[in-house]
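Q: Chains A and B supply the protein sequences, listed in that same order. Count along the first sequence from 1, add 846, and you get the number used in the numbering used here. Count along the second sequence from 1, add 1093, and you get the number used in the numbering used here.
No lab work stands behind these hints, which were simulated from the structure alone. Each residue gets a CB set at the ideal place from its N, CA and C atoms; glycine is no exception. Where hints are given, some of them may not hold.
What the hints assert, rightly or not - Here's a subset of chain A near chain B, in silico, CB distances under 8 Å, partners left out:
no.: 1; residue: Leu904
no.: 2; residue: Ser927
no.: 3; residue: Asn931
no.: 4; residue: Arg935
no.: 5; residue: Ser939
no.: 6; residue: Trp956
no.: 7; residue: Met979
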Amino acid sequence: MLSEALLANETIAGLVAAHPAAVVDGTTRFDEITLTIEPAEIIATLAYLKYHQGFERLSTVTAVDRYPLDPRFELVYHLQSIARNLRLRLRTSVATEIASATIVYAGADWYEREVFDLFGVVFTGHPNLKRIMMPDDWEGHPLRRDFPTHGFKYSYGEQQ
Amino acid sequence: MSETILSPAVHLESEAGTTRRMTLNMGPQHPSTHGVLRVVLELDGEFIEKARPEIGYLHTGIEKQCEALNWQQVITLTDRVDYLANLSNNLCYSLAVEKLLGLEIPPKAQWMRVLLAELTRIGSHLVWLGTHALDMGAMTMFFLTFREREELLRLFEMLSGQRLMTSYIRIGGLALDPPRGWEKLVRAFLADFPSKIDEYETLLNNNPIWLRRTKGIGVIPVEQMLDIGITGPVIRAAGIPLDARKMTPYSSYEKFDFAVPTSTDNDVYARYAVRVAEMRESLKIVQQAMDGMPEGPTRADAHRVVLPEREKMKTQMEALIYHFKIVTEGIAVPEGEVFQVVESPRGELGYYVVSDGTAKPLRVHMRTPSFGNLQGLPRLIEKRQIADAIAVMGSLDFVLGDCDR
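Using the sequences plus the hints, can you model the full thing?
A: Rendered as structure tokens:
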């Protein structure tokens, strides 16, 4: 649950009031606020923060593979408000898929493609969910913890 | 144009009606893409109807490799992310890990880091200015800017032994104390360089070709730029003073007096003007860092993290033991996560570092400015001519290594 100190923060208090089911947990460490969000509420949360709290920028979307935990993928959104000079981190755990943030922040496009490519998380509603870093015919998702760093296969299209 | 003289990369598609669209591959090897970038252009005559950047040609799996190396070994990979701003990347990663470790960095190391980050900014802007002008036909600029960049590379080599892949900023401070005589090189550069910037401006500011190719080119509404994730000099040239050095100061930047140049014109010329102004501001910071350089050690007093001095290692048993443990086991970083942002020459550079308490990172994600800026390319060049695309690509100043990691 959220601590008193976090609830005193007007951004978070506003978010909890507008979307009571969204925020699961929150922490502050190294002056960085992290909110754990219910996966189904992520788009509503992002939209609220963008349009009502002035977070104009989505800095990055990435994932952390917590294998062998289930659900294994932690999606991490870093938001910034330039006018208020604030940063906020949203975190949500998913097993395979989540709604795409591109309808709120156009800049989420490539970041989500990267997460899809390297982790295999599917973003529903993404306009162009294709591999971005790896070749189109690549098998597997390299940034997963169970994908070996060395000795798996060669690239350059060689058939082994 | 008859079908027979077309190169294999060019396809003509005649659609029903009178318009004929051509799909053209710009890149992956094209002089104006500054690296291995492919842009698929759908053309209507000279006009770009649709542009689709294809990246990933320089994807080297750096983020994956980070998970296989010890914390301190990752520094060498950060050099290779943005090879024109390696010290900014060294700095960002070191700051992130130092936050997790709770390390206090001595003032001299902080000052040196600021100085090096600013010299890196100048060096990177010099490469940008030279290649950008070269793309537009002003070949002389390339020779002039690389002449000055050579001085900077010589300095980096003197400090770290390497011209490009310096790995000079380490977790806990600097790799080595700066050698004797390095101040002389910096002072000479400081004395010399302002006149060199004037020289560049004399060549470009009133150059009619340069003005016609840059003024009013590549303009989109600033809200769209923010939405798509553009940062750095490009967004500052659109009137938004987004600069991590001012907004969330790191490494004692709050103690330096400098301005964040902005412009409201939002075109290719404004980006040029902002970057040139930034070089002058960086010089101011370097001057202040030189004048106010504190005395003291350049490495934090943390025997479990920072390698002991060579002399101590040879004479004291504890130092030898810690040296052995750091090299063989690595350093254990407490559990936690940090998103450290610095202002790289290209824009917002962020390292999202996650530790699970072991000697290797659980995850290192680099939020690189080139990736964000390049994402905005289609919006900037669609409905414009191919020649403008060259100007816009130059003005974004992306490094493909930075983009693809």
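Q: Now tell me, hint by hint, if it's right for this structure.
A: Tested hints:
1. Leu904: Holds, because the Cβ-Cβ distance from Leu904(A) to chain B comes to roughly 7 Å (cut-off 8 Å).
2. Ser927: violated (10 Å)
3. Asn931: Holds: closest Cβ of chain B sits about 5 Å from Asn931(A), inside 8 Å.
4. Arg935: holds (6 Å)
5. Ser939: violated (14 Å)
6. Trp956: This hint holds: Trp956(A) lies near chain B, its Cβ roughly 5 Å from the closest one there, short of 8 Å.
7. Met979: With a closest approach of 4 Å, the Met979(A) hint holds.
Comparing the model with each earlier hint shows violations of hints 2 and 5; every other hint is respected.
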